[in-house]
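Model the placement of chain B on the given structure of chain A, informed by the hints.
Chains as they are written, first to last, in my numbering: chain A, 1 to 229; chain B, 1 to 229.
Source of the hints: derived by calculation from the structure; they are not laboratory data.
Worth double-checking, as some hints may not be accurate.
Any copy, or any two copies together, can satisfy a pair, since identical chains are not distinguished.
As the list claims (entries may be wrong) - Listed next, the in silico DSS-like pairs over lysine-lysine satisfying Cα-Cα at most 27 Å (straight line):
no., residue 1, residue 2
1, K23, K172
2, K210, K172
3, K144, K118
4, K172, K144
5, K172, K118
Number of protein chains: 2
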Amino acid sequence: MDLPASNLTTSSDLGPVILALPKGRILKELGPVLARAGITPAADCMNEDSRRLRFETTDPGLDVVRVRSFDVATFVAHGAAQIGVCGADVLMEFDYPEIYAPLDLGIGGCRISVAAPKGLAEEEDSSRWSRITVASKYPGIARKHYAQRGIQAEIVHLNGAMELAPALGLSKVIVDLVDTGSTLRANGLVETEVIAHVTSRLIVNRTALKTRPEEIAGWINRFRAALAA
Amino acid sequence: MDLPASNLTTSSDLGPVILALPKGRILKELGPVLARAGITPAADCMNEDSRRLRFETTDPGLDVVRVRSFDVATFVAHGAAQIGVCGADVLMEFDYPEIYAPLDLGIGGCRISVAAPKGLAEEEDSSRWSRITVASKYPGIARKHYAQRGIQAEIVHLNGAMELAPALGLSKVIVDLVDTGSTLRANGLVETEVIAHVTSRLIVNRTALKTRPEEIAGWINRFRAALAA
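Only chain A is shown next, with the shape it has when bound in the complex (with noise of 0.2 Å):
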């Protein structure tokens, strides 16, 4: 390890503190951001194969739990995760007053974006609608795109496959995310509106913050290392 640990770990009765980590493509790419802060997570915590949901770390003081990216936030908001890294999409999409994300980690790039089908997008002026039908699995953050437009959106909650939405008219568009665009392209969708950039952060519960300040702080400073070398 880089930095020396005998400074962040306790022997506290509070436990190790736990990392929640995001399961799928984030998982690999945090790779070599975890090397550099000095965390190495039990082998099978990177193979997407293992069933196993919690993991030791070389550091007695830190234990990781790999789960989906929306729970992440959840375990973090409710203090079952101390620290965590989710994408700003899911933050977004919650806005959990008990998280503090303090770190971009700049991994995890991609966007939320409106997407409809090409030739509605080409014949259609959008900001003359009034009312709207929207798949996504981020109900919250397109209630509120169309809030802040005046725009009174009937939200259809997916949780995958929004592309298919408009050819089978479940909804007029969908708000979800996109990275290189070719699932929107195969599924006949253009994109219309990008309604934030997203990049992957270090999250933190905010009592964790205030009940145990070494560690936790220890740990941020950990990453904004990583993220310096």
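The following block gives chain B in isolation, referenced to the frame of chain A:
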């Protein structure tokens, strides 16, 4: 195909009937049922790695969309798919009045249960609780289950990894789908109550059954014949 398709397909302007199928374990179990019903989707439909979302079948009157289990019910309830296959767990959770579930397909057998840490389950009498925290991806089912017992449940909605919640102090118990119970045991939990036994159902949009009665009733009959075979 075992059954003649001529009386099921129409050249109507409504386009093909859309059958929504769930991704994952159930899709594999469905393979033989679909074959006996004379439904042959494009080959990559059964390949979970395919990124396609919509598949033609050998019958021009039927297309398949492959979505998450929870989304099958949403697509059918809104009429974006006219028929679908989903677990009784999803039907219980949403309780959509627009969905009619005429057939139990007898596959995907499991149960929705309450599980608790081993020690808690042995020491405490749950019938004496007045409040409880529950982690679940079934907030509706969990809330209703405890309301019927006069217990006020605070639900923490998670999308996965519920089994972590009790050990991290996120909830006292979990409400989750249980198959073999091995994941529960691996996380120190025991099943304390079975809320419902679950199998997969053929579901139908009630409006489609009225507006396209011959086609929809035809497909229901094909599934019924497949089960009898």
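**Asked** Which hints from the list above does the structure break, by number from lowest to highest?
**Response** none
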